[in-house]
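There are 2 protein chains.
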Amino acid sequence: MQASNSSSEDQKFLVRRLLISDKSKGFIELLRQLTVCDSVSDNDFEDRFHEISSLGDYHVICVIEDESSGKIIATGSVFIENKFLRNCGKVGHIEDVVVDTNARGMQLGKKVIAFLTDHARSMGCYKVILDCSLENGAFYEKCGFKQKEIQMVKYFV
Amino acid sequence: MQASNSSSEDQKFLVRRLLISDKSKGFIELLRQLTVCDSVSDNDFEDRFHEISSLGDYHVICVIEDESSGKIIATGSVFIENKFLRNCGKVGHIEDVVVDTNARGMQLGKKVIAFLTDHARSMGCYKVILDCSLENGAFYEKCGFKQKEIQMVKYFV
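Heads up: the protein sequence lines correspond to chains A and B, in order.
At position 41 of the first sequence the residue is numbered 41 (full-length UniProt numbering), and the sequence of numbers has no breaks.
At position 29 of the second sequence the residue is numbered 29 (full-length UniProt numbering), and the sequence of numbers has no breaks.
Think of the hints as simulated: they come from the structure by calculation, not from any bench.
Careful: at least some of the hints might be erroneous.
Identical copies look the same in the list; a pair holds intra-copy or inter-copy alike.
Claimed, not checked - Straight-line Cα separation of at most 20 Å, DMTMM-like style, residue types lysine to aspartate or glutamate; simulated pairs:
1) LYS90 / ASP47
2) LYS25 / GLU67
3) LYS127 / GLU95
4) LYS90 / GLU46
5) LYS111 / ASP38
6) LYS90 / ASP44
7) LYS111 / ASP96
8) LYS127 / ASP96
9) LYS90 / ASP57
10) LYS90 / GLU29
11) LYS142 / ASP96
12) LYS90 / ASP42
13) LYS148 / GLU135
14) LYS90 / ASP38
15) LYS127 / GLU149
16) LYS127 / GLU81
17) LYS127 / ASP38
18) LYS23 / GLU149
19) LYS111 / ASP57
20) LYS25 / ASP47
21) LYS146 / GLU135
22) LYS25 / GLU135
23) LYS148 / GLU95
24) LYS142 / ASP118
25) LYS146 / GLU46
All values reported here derive from a predicted model rather than from experimental measurement.
Given only the sequences and the hints, what does the whole structure look like? Please build it.
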C-alpha cells in the first residue's frame, strides 16, 4: 500500500515544463513568495515566455501543478552556460526555486531540484550550481549539494 | 604628467570582446590559471565561440590584450538571464574572471569587472551577481559588490 500511495502522490505532483497557460494558474503569485514581483500583463508574460523558450533546452523553467486545485505550487529554473574552460565545458545554473508555503513538507522542492539537476546532467554539464541563503543551505545539502563559494551582488535599482 | 601616463596606460590595456584570433594569444592558457582546462582544438574553440556569439549581447566574453607582448592577460564573461520575477527582470551573471599572475597590480581586474558590470546595466539588468572564494570577496567589495548568499555546487564528473 505504501508503494501504491507513493506512486499516486508522484502521479499527482508531476514536474513539467512551464506553459503559457500557467500564468492563470498562479505562477506569478508563486514567484511573489520569493521576491518582488508586480502583476505582469499577458503580453509581457508571453513575450518573456517566448524569449526564454527560444533558448530551448538551454533555459528550462519547470513547475508542479496541484491537479486538485489547478494551482502552480512549485517552480524552479535552470539555464546552461557554455564555457571555454574545463575543455569547453558546460555549467547548469539553478535559479528561482520556490514551493508554495501551503504545500511544504511534501518533498516538492526536492522534486524540482532533481528535475533541474537531471536536466543539467543530460545537457552534458560538469556541474550544477545555485545561490541560496545560509538557512537554506541544509536543504540543498540533502539534495546532494555542497557549499563552495560566496555570492557577491551589485544592485542597479 | 600623471594624467598623461594614466591615459597612456588606459590606451595600452583596453577591454574588448573576445575574438577567435585570441586563441593563439594565450586565452586558453590564461583560463588554465583559473581551473582545469586542457588544450582545446581550433575546431572545438571555433564551435564554442560561435555557440556563445549566437547569443549576441546576452553572453559576452571580454579580454585585455597586452599590446607589447600580444598576449591576453585578463578576461571575464557575463551572461544575461531573462526572468519572470522582478517584473520580467534581467540578471547579469559574471563568470570566469582571471588576470595573468604576471600582470597583477595594474587594476586590470577592476577594468574587466567595470566592463562586464556596465554591460549588464546597459542590458537593463536590475542586478549583477557572481560567485567567488571568501578570499576574493574583498576585491569585489572594492568593485562595489556586497556579499549576499552562499553558493552550493553539485559535480557530475
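Comparing the hints with the structure gives:
Only between protomers do LYS90 and ASP47 lie at most 20 Å apart by alpha-carbon distance; the minimum there is 14 Å, versus 27 Å within a single protomer. For the identical chains of this complex, LYS25 and GLU67 are intra-copy neighbours only, at 11 Å inside a copy versus 57 Å across copies, given an alpha-carbon limit of 20 Å. Taking identical chains as interchangeable, the C-alpha atoms of LYS127 and GLU95 lie at most 20 Å apart whether they share a chain (14 Å) or sit on different chains (14 Å). Proximity of LYS90 to GLU46 under the C-alpha cut-off of 20 Å is restricted to the inter-copy arrangement: shortest distance 16 Å between copies versus 28 Å within a copy.
Taking CA atoms no more than 20 Å apart as the test, LYS111 paired with ASP38 passes in neither setting, with 27 Å inside one copy and 35 Å between copies. In this homomeric assembly, LYS90 and ASP44 come within 20 Å of each other (Cα to Cα) only across copies, at 13 Å, whereas the closest approach inside a single copy is 30 Å. In this assembly of identical chains, LYS111 and ASP96 lie within 20 Å of each other by CA distance solely inside one copy; the values are 14 Å within and 30 Å between copies. In this assembly of identical chains, LYS127 and ASP96 lie within 20 Å of each other by CA distance both inside one copy and across copies; the values are 18 Å within and 15 Å between.
Within a single copy, LYS90 and ASP57 get their C-alpha atoms as close as 13 Å, and across copies as close as 19 Å, so both meet the 20 Å cut-off. With identical chains, the CA atoms of LYS90 and GLU29 are at most 20 Å apart between copies only, with a shortest distance of 18 Å across copies and 32 Å within one. Taking the shortest alpha-carbon separations for LYS142 and ASP96, only the intra-copy value of 18 Å comes in at or below 20 Å, while the best inter-copy value is 28 Å. Within a single copy, LYS90 and ASP42 get their C-alpha atoms only as close as 33 Å, which misses the 20 Å cut-off; across copies the closest is 18 Å, which meets it.
For the homomeric pair LYS148 and GLU135, the shortest alpha-carbon distances inside one copy (15 Å) and between copies (12 Å) are both at most 20 Å. With identical chains, the CA atoms of LYS90 and ASP38 are at most 20 Å apart between copies only, with a shortest distance of 14 Å across copies and 33 Å within one. Within a single copy, LYS127 and GLU149 get their C-alpha atoms as close as 14 Å, and across copies as close as 19 Å, so both meet the 20 Å cut-off. With identical chains, the CA atoms of LYS127 and GLU81 are at most 20 Å apart both within one copy (11 Å) and between copies (18 Å).
In this assembly of identical chains, the alpha carbons of LYS127 and ASP38 lie at most 20 Å apart only when taken from different copies (17 Å versus 33 Å within one copy). In this homomeric assembly, LYS23 and GLU149 never come within 20 Å of each other (Cα to Cα): the closest approach is 35 Å inside a single copy and 29 Å across copies. Proximity of LYS111 to ASP57 under the C-alpha cut-off of 20 Å is restricted to the intra-copy arrangement: shortest distance 19 Å within a copy versus 33 Å between copies. In this assembly of identical chains, LYS25 and ASP47 lie within 20 Å of each other by CA distance solely inside one copy; the values are 18 Å within and 41 Å between copies.
In this assembly of identical chains, the alpha carbons of LYS146 and GLU135 lie at most 20 Å apart whether taken from the same copy (14 Å) or from different copies (18 Å). In the homo-oligomer, the alpha carbons of LYS25 and GLU135 never lie at most 20 Å apart, since the shortest distance is 29 Å inside one protomer and 44 Å across protomers. For a Cα distance limit of 20 Å, the shortest separation of LYS148 from GLU95 qualifies both inside one copy, at 17 Å, and across copies, at 15 Å. Taking the shortest Cα distances, LYS142 and ASP118 sit within 20 Å of each other inside one copy (16 Å), while across copies they are farther apart (37 Å).
In this assembly of identical chains, LYS146 and GLU46 lie within 20 Å of each other by CA distance neither inside one copy nor across copies; the values are 36 Å within and 34 Å between.
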